[in-house]
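Chemist: The UniProt record's numbering puts the first residue of the sequence shown at 1, with every later residue one more than the last.
Note that these hints are calculated values from the structure, not bench results.
Any given hint could be a false lead.
To be verified - Here are the computed lysine to aspartate or glutamate pairs in the EDC-like style, where the Cα-Cα straight-line distance is at most 20 Å: (1) Lys-39 with Asp-53; (2) Lys-39 with Glu-16; (3) Lys-39 with Asp-7; (4) Lys-39 with Asp-4; (5) Lys-39 with Glu-58.
To be verified - Okay, the calculated beta carbon distance ranges per label pair: (6) Ser-204 with Lys-39: 35 to 43 Å; (7) Asn-255 with Ser-123: 37 to 45 Å; (8) Asp-125 with Gly-56: 21 to 29 Å; (9) Leu-116 with Leu-248: 21 to 29 Å.
Just so we're clear, the structure is a prediction, and the values are computed from it rather than from any experiment.
Even for Gly, the Cβ is constructed at its ideal location relative to N, Cα and C.
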Amino acid sequence: MHFDLADLRLFAHIAEAPSLTQGARRAHLSAAAASARIKALEGQLDCRLLYRDNRGVELTPAGQRLLQHARLILRQVDHLKDDFSEQGGDQVGHIRIFANTTAVTEFLPELLAGFLAVRPGVSVDLQERLNRDIVRAILDGSADLGIVAGPVRAEGLQVVHFSTDRLVLAVPPEHPLCRLRRLTLADTLDYPHIGLHEGSTLQSFLREQVERVGGSLSLRIQVASFEAICRMVEAGVGIGVIPETAALRHSRTMNLRTLPLHEPWVVRERSVLLRDREALPGCARALVDLLRQTGEGRSPKQPQ
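Generate coordinates for the entire structure from the input sequences, incorporating the hints supplied.
Modeler: This is how it looks when you write it as structure tokens:
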């Protein structure tokens with residue numbers, strides 16, 4: 001069975017649009033030409049790949065399977081081109097990373113700044129996602145690397161641990177909770193919380209923990225970053241659960257206190273998820289090594 005890479009790329013464009021017309025436009029084809037190529041692909045596979053109606057297209061179960069294979073094949077072809085470009089090594093290429101809230105807002109921007117500064121031929125697509133979506137993206141090949149915190153079910157993936165953090169409670173000075181000798185999440189639910197935006201991994205995680213203790217979270221305001229949470233806490237607007245690394249950094253310039261939470265889930269292991277390290281382009285392997293070195297407190301090795 002012979003597959004044309006152009007047909008696989010066209011199919012991926014249509015599936016991700018999801019519209020035959022928009023997918024054809026991305027592939028620089030007319031809608032009629034794109035439709036003919038998809039029909040030929042369906043004939044070759046002897047199965048229907050798309051349901052078509054006036055609202056667009058929807059993948060059939062067979063289409064879903066093909067999309068997974070197509071993404072993996074196309075990314076491997078792109079990695080092959082990168083590895084055999086003129087510069088080669090870890091100096092060129094593109095990396096797509098799906099990561100949780102803490103990674104996207106806290107440590108990755110600084111780490112990627114140094115990484116990219118010495119690799120002008122490398123580009124990165126960094127997107128915030130929930131843990132379950134990160135796992136799915138690595139499995140189906142729509143992302144190269146996933147960065148998660150806390151336990152995840154990642155059967156079939158390589159999991160590379162690189163650091164540990166814990167969640168703490170940020171409160172204004174002299175807050176009533178400061179008087180408690182052993183603080184739990186349930187103790188905080190009588191006070192207004194400052195939270196991250198809807199869809200953030202940490203906010204979703206905290207909602208799950210609150211539901212487990214049979215309570216409800218009183219959110220007074222939701223903001224976009226841990227720095228914004230700390231500023232709201234400093235102003236006396238409410239309290240907030242944040243990573244200890246963020247709390248320590250912002251407490252140097254803001255008047256707030258951090259309190260330990262006596263909960264089994266506060267320790268958060270940070271890990272990189274990937275399908276196969278050896279199948280990654282050189283630049284992605286170099287980034288995984290940098291994450292491990294940084295997490296272990298070692299000075300990152302710079303390329304020669």
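Chemist: Are the hints correct? Go through all of them and say.
Modeler: Checked hints:
Taking the CA atoms of Lys-39 and Asp-53, the gap is near 15 Å; set against the 20 Å cutoff, the hint holds. Among the hinted pairs, Lys-39 with Glu-16 is consistent with the structure: their alpha-carbon atoms are about 18 Å apart, no more than 20 Å. Restraint check for Lys-39 and Asp-7: satisfied, since their Cα atoms lie roughly 11 Å apart, inside the 20 Å limit. Using a Cα cut-off of 20 Å, the hinted pair Lys-39 and Asp-4 holds, with the two alpha carbons roughly 14 Å apart.
At most 20 Å may separate the alpha-carbon atoms for a hinted pair to count; Lys-39 and Glu-58 meet this at roughly 15 Å. The hinted range of 35 to 43 Å is satisfied by Ser-204 and Lys-39, whose Cβ atoms lie roughly 41 Å apart. Checked against the hint of 37 to 45 Å, the C-beta distance between Asn-255 and Ser-123 comes to roughly 40 Å, which is consistent with it. Between Asp-125 and Gly-56 the beta carbon distance is about 24 Å. The supplied range of 21 to 29 Å therefore holds.
Distance hint for Leu-116 and Leu-248: a CB-CB separation of about 26 Å, consistent with the stated range 21 to 29 Å.
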